[in-house]
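Dock chain G against the given chain D, drawing on the hints supplied.
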Amino acid sequence: MIEVEQLTKRYGPTTAVRDLSFTVRPGHVTGFLGPNGAGKTTTLRMLLGLVEPTAGTATIGGHVFRDHPRGLRHVGALLDAHDVHGGRSARAHLHALARGNRIPRRRVEEVLAEVGLTGAAAGRRIGTYSLGMRQRLGIAAALLGDPPVLMFDEPLNGLDPEGVLWVRGLFRRLAHEGRTVFVSSHLMSEMEHTADELVVIGRGELIAAESLTAFAARGTAPTVTVRSPDSGALAAVLAKEGAAVERHGDDTLKVQGAGAVRVGELAHEHRLLLWELTTQSASLETAFMELTADSVEYAAGETR
Amino acid sequence: MTTALAVPPARFTDLPAAEWIKLRSLRSTYWALGSSAPALVAFNANAARADYTNYPHYNEPIHRDFVYWALRDAFTQGAALMLVLAAASIGAIAVVGEYATGLIRTTFTAVPDRRALMTAKVAVVTAVMTVYGAVVAGASYAVTQAILDGRGQGVPIGHPGAWRVVAASALLAPVSALVGMGVGAVVRHSATTMVLTTVVLLLLPSFVTERYHWTACVRNALPLNAWARLVDVGYGTHPFTIARRYPTTVGGSWVVFAVWAGVAAVLAVVVVDRRDV
Numbered sequence: 001m002i003e004v005e006q007l008t009k010r011y012g013p014t015t016a017v018r019d020l021s022f023t024v025r026p027g028h029v030t031g032f033l034g035p036n037g038a039g040k041t042t043t044l045r046m047l048l049g050l051v052e053p054t055a056g057t058a059t060i061g062g063h064v065f066r067d068h069p070r071g072l073r074h075v076g077a078l079l080d081a082h083d084v085h086g087g088r089s090a091r092a093h094l095h096a097l098a099r100g101n102r103i104p105r106r107r108v109e110e111v112l113a114e115v116g117l118t119g120a121a122a123g124r125r126i127g128t129y130s131l132g133m134r135q136r137l138g139i140a141a142a143l144l145g146d147p148p149v150l151m152f153d154e155p156l157n158g159l160d161p162e163g164v165l166w167v168r169g170l171f172r173r174l175a176h177e178g179r180t181v182f183v184s185s186h187l188m189s190e191m192e193h194t195a196d197e198l199v200v201i202g203r204g205e206l207i208a209a210e211s212l213t214a215f216a217a218r219g220t221a222p223t224v225t226v227r228s229p230d231s232g233a234l235a236a237v238l239a240k241e242g243a244a245v246e247r248h249g250d251d252t253l254k255v256q257g258a259g260a261v262r263v264g265e266l267a268h269e270h271r272l273l274l275w276e277l278t279t280q281s282a283s284l285e286t287a288f289m290e291l292t293a294d295s296v297e298y299a300a301g302e303t304r
Numbered sequence: 001m002t003t004a005l006a007v008p009p010a011r012f013t014d015l016p017a018a019e020w021i022k023l024r025s026l027r028s029t030y031w032a033l034g035s036s037a038p039a040l041v042a043f044n045a046n047a048a049r050a051d052y053t054n055y056p057h058y059n060e061p062i063h064r065d066f067v068y069w070a071l072r073d074a075f076t077q078g079a080a081l082m083l084v085l086a087a088a089s090i091g092a093i094a095v096v097g098e099y100a101t102g103l104i105r106t107t108f109t110a111v112p113d114r115r116a117l118m119t120a121k122v123a124v125v126t127a128v129m130t131v132y133g134a135v136v137a138g139a140s141y142a143v144t145q146a147i148l149d150g151r152g153q154g155v156p157i158g159h160p161g162a163w164r165v166v167a168a169s170a171l172l173a174p175v176s177a178l179v180g181m182g183v184g185a186v187v188r189h190s191a192t193t194m195v196l197t198t199v200v201l202l203l204l205p206s207f208v209t210e211r212y213h214w215t216a217c218v219r220n221a222l223p224l225n226a227w228a229r230l231v232d233v234g235y236g237t238h239p240f241t242i243a244r245r246y247p248t249t250v251g252g253s254w255v256v257f258a259v260w261a262g263v264a265a266v267l268a269v270v271v272v273d274r275r276d277v
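Residue numbers (our numbering), protein chains in the order written: chain D, 1 to 304; chain G, 1 to 277.
If we strip away everything but chain D, and leave its shape as in the complex, we get:
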């Protein structure tokens, strides 16, 4: 369980995080979404006691993280895959982390195998690693203490498609085991297939904290596409129902305000032939863009 309450961080005149409150529950993968510069990393760093909040509290499992003398068995975190020393091997890096937390040596080999850094790769200097391999190493470090809470900052960066699938499966499995999994991203498309709960922030402020489904429903209402040889008559019927109808070519209609079921019923009642009836649910990406439009820090193609 992660609890953030009225959390604020100011750097001089800039406010990175403002009065942020949310809760991340165990047993779910919770996505932490926001455009670049929204304050995601600062929030994660405050949770981990790396950055001191200006005001408010951030607790994990009811404790301020810095109150723990050792961290790995309480929280596993991957903040930045580059937060390693390039001169060490992956094995030595993990061994040092494990040793300081009194984690048995064999656990290092276990997590290395788990993330697929086996054989010669584990003994190579991290400086020679690709970003994807570094992400795997970071995930291995987070898993080292078998912690009940896991936090990942943009873990999918640099991973190949196979790696992305693996990470998604891993996150779901960790959540299924009853752990709290909190994953940040600036891309909705990454979260769409990974998270079931969302915390969305923009310019350091909370925009939404709800399930993925609830969040998707916030966006533009779903559109129903209908193709019919009697599109003219159908349009009239639908308009009478109060739906917004848009004509596309001779036989295609885009309908909003009436679901596919209702459109089908109306067509049946009026004995109108349908060729196609499909629903385009609002994309999460659209919902995300609409909600964060006002809080994008660096918008492209904008005149200021």
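If you are wondering where the hints come from, they were derived from the structure by calculation, not from laboratory data. Just so we're clear, the structure is a prediction, and the values are computed from it rather than from any experiment. Just so it is clear, CB atoms sit at the ideal spot from N, CA and C, and this is done for glycine as well. Each hint should be verified, as a subset may be incorrect.
Just a sample of chain D residues kept apart from chain G, beta carbon distances all over 10 Å, derived [said to hold, decoys possible]:
#	residue
1	A214
2	E246
3	G249
4	Q256
5	R271
Listed below are several chain G residues computed to face chain D (Cβ distance under 7 Å; list not exhaustive) [as the list claims (entries may be wrong)]:
#	residue
6	V7
7	A10
8	D14
9	A17
10	A18
11	K22
12	L26
13	T101
14	G102
15	T106
16	V111
17	P112
18	D276
Between beta-carbon pairs, the in silico distance windows are [as the list claims (entries may be wrong)]:
#	chain 1	residue 1	chain 2	residue 2	range
19	G	W163	D	A120	43 to 51 Å
20	G	V199	D	T128	31 to 39 Å
21	D	G178	G	A191	43 to 51 Å
22	D	G259	G	R274	54 to 62 Å
23	G	V199	D	T14	28 to 36 Å
24	D	T15	G	Y246	52 to 60 Å
25	G	V199	D	G178	49 to 57 Å
26	G	G262	D	G12	32 to 40 Å
27	D	P13	G	G262	38 to 46 Å
28	D	R10	G	A258	38 to 46 Å
Chain G alone, transformed into the frame defined by chain D:
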């Protein structure tokens, strides 16, 4: 909820053990220590070799007091400068290396008790550099005196003050390393740390005059000058030593070593504990 690994109570000794793994798993550690140690011994040996060669041409007063010359060759001023530079760099990198790479965030996420972690780091670096200093100073003494034995002028380690030459030169390594760590913890930037450490440890000792009482106090309170006093076995008695306007003592110079080491260590622990990373 899965808790496969029970949480054992935190134990301080795990942290030096982890820091030791970190230090020995870097190739640069071996390079820095392994290349500088023989270089320093060779540097001192070369001074002894020069005196060995020139010995027949020295005049009578030099021959009479040659023990002071021999002890000076045991650890030369030039070697001390190099030792300070090497040790301070190693100490600085132990701290700044973590900041520069970002590893410090991974480290503090694994060990939120930053004071304990920095104490462990200070302890490991101090221990390693003390051993390093002892090896360099001990080997230098053995090699230089063995060379001078060729003229029958090698000074046995039991000679009054000889141990002090070895001990002061050996301890100059951990003192310099700790200053490097302290400056590194405050500055957290590689190049700036190196410049500042070099200025404080190597340049300041020659820039500060001993003309006025207060500048002489500053001068005598610098580690390199304290070292020079400690290895000057003929201080105050021997005609080749410069008479100081504001004299210093052996005890005072040991205190200078201790204070610099102590303050730097505390600085490294406290400053790192208080700042955001």
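Evaluation of the provided hints:
| no. | hint | result |
| --- | --- | --- |
| 1 | A214 | holds (26 Å) |
| 2 | E246 | holds (51 Å) |
| 3 | G249 | holds (56 Å) |
| 4 | Q256 | holds (45 Å) |
| 5 | R271 | holds (59 Å) |
| 6 | V7 | holds (5 Å) |
| 7 | A10 | holds (4 Å) |
| 8 | D14 | holds (5 Å) |
| 9 | A17 | holds (5 Å) |
| 10 | A18 | holds (3 Å) |
| 11 | K22 | holds (5 Å) |
| 12 | L26 | holds (5 Å) |
| 13 | T101 | holds (5 Å) |
| 14 | G102 | holds (4 Å) |
| 15 | T106 | holds (5 Å) |
| 16 | V111 | holds (5 Å) |
| 17 | P112 | holds (5 Å) |
| 18 | D276 | holds (4 Å) |
| 19 | G:W163 to D:A120: 43 to 51 Å | holds (50 Å) |
| 20 | G:V199 to D:T128: 31 to 39 Å | holds (36 Å) |
| 21 | D:G178 to G:A191: 43 to 51 Å | holds (48 Å) |
| 22 | D:G259 to G:R274: 54 to 62 Å | holds (59 Å) |
| 23 | G:V199 to D:T14: 28 to 36 Å | holds (34 Å) |
| 24 | D:T15 to G:Y246: 52 to 60 Å | holds (55 Å) |
| 25 | G:V199 to D:G178: 49 to 57 Å | holds (56 Å) |
| 26 | G:G262 to D:G12: 32 to 40 Å | holds (35 Å) |
| 27 | D:P13 to G:G262: 38 to 46 Å | holds (39 Å) |
| 28 | D:R10 to G:A258: 38 to 46 Å | holds (41 Å) |
Going through the hint list in order, the structure satisfies each hint without exception.
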